Amino acid sequence: AQTVTQSQPEMSVQEAETVTLSCTYDTSESDYYLFWYKQPPSRQMILVIRQEAYKQQNATENRFSVNFQKAAKSFSLKISDSQLGDAAMYFCAYRSARYGSEKLVFGKGTKLTVNP
Amino acid sequence: GAVVSQHPSRVICKSGTSVKIECRSLDFQATTMFWYRQFPKKSLMLMATSNEGSKATYEQGVEKDKFLINHASLTLSTLTVTSAHPEDSSFYICSATITEAFFGQGTRLTVV
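If you read the sequences in order, they're chains D and X.
In terms of our numbering, the first sequence has 48 at position 45, counting the first letter as 1, and numbering is strictly consecutive.
In terms of our numbering, the second sequence has 104 at position 59, counting the first letter as 1, and numbering is strictly consecutive.
What the hints contain is simulated information worked out from the structure, not anything from laboratory work.
Be careful, since some hints might not be right.
[As the list claims (entries may be wrong)] Some chain D residues flagged as far from chain X (calculated, every beta-carbon gap over 10 Å):
| no. | residue |
| --- | --- |
| 1 | Gln11 |
| 2 | Met14 |
| 3 | Ser15 |
| 4 | Thr23 |
| 5 | Tyr28 |
| 6 | Asp29 |
| 7 | Thr30 |
| 8 | Ser31 |
| 9 | Phe67 |
| 10 | Ser68 |
| 11 | Lys76 |
| 12 | Leu87 |
| 13 | Thr116 |
[To be verified] Calculated cross-link-like contacts (lysine-lysine; reagent style PhoX-like; alpha-carbon spacing at most 25 Å):
| no. | chain 1 | residue 1 | chain 2 | residue 2 |
| --- | --- | --- | --- | --- |
| 14 | X | Lys109 | X | Lys65 |
| 15 | D | Lys111 | D | Lys76 |
| 16 | X | Lys87 | X | Lys111 |
| 17 | D | Lys81 | X | Lys86 |
| 18 | D | Lys58 | D | Lys81 |
| 19 | D | Lys76 | X | Lys87 |
| 20 | D | Lys114 | X | Lys86 |
| 21 | X | Lys87 | D | Lys81 |
| 22 | D | Lys114 | X | Lys87 |
| 23 | X | Lys111 | X | Lys100 |
| 24 | D | Lys111 | X | Lys87 |
| 25 | X | Lys109 | X | Lys87 |
| 26 | X | Lys65 | X | Lys100 |
| 27 | X | Lys86 | D | Lys111 |
| 28 | D | Lys73 | D | Lys58 |
| 29 | D | Lys114 | D | Lys76 |
| 30 | X | Lys59 | X | Lys111 |
| 31 | D | Lys111 | D | Lys73 |
Keep in mind that this is a model prediction, so the values were computed, not measured.
Ideal Cβ positions, reconstructed from N, Cα and C, are used throughout, including at glycine.
All chains should be built: construct the whole structure from the sequences, respecting the hints.
In structure tokens, the structure reads:
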């Protein structure tokens, strides 16, 4: 079974600074997807970024980028120029690429605080 | 992007009663939907996979007789918490997947 580990229960960053959230995973599959989801106080789950395992290039979405190390099974999220609105719980998630395997496996989450 | 709508957002019910939560995909068809439960300050725990036109697949430890799932159409899945008890109080979230998962707004259930 696949597992996702987020080793940082809480992180804090100063506004405008950069922070990196860690995520490692375990799988025997070669084709899969990885995601970072944000859950603000409203508790609505919001997709931040996704990465296909077959792509070597790291995904980037504006101020959000990932460092995907497939061999090391590592998938960290970097938030640049942090804003107050980035404060939230961040969940790393894994999904198999096998047809019919759409369920997500989540890490335990990292609570990010952004200090003004 | 795709929208998943979950209703109600909050519900309070008395012990012993049943409550139904709806999850709708508004602009796409979803043959599969997922139901999660989230405890305070915890991650999402998958309860079951809802399959259109067939029985739901429940995760280990989830009582299928307590958490009834019906996926009667390609845009609607319902979760019914039967004979609710205070320990069923929680935040319930549904999702449906196209290329990535889209989540409903969640339902805060309080059983008194």
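Item to complete: Hints the structure violates: just list their numbers, smallest first.
Response: none
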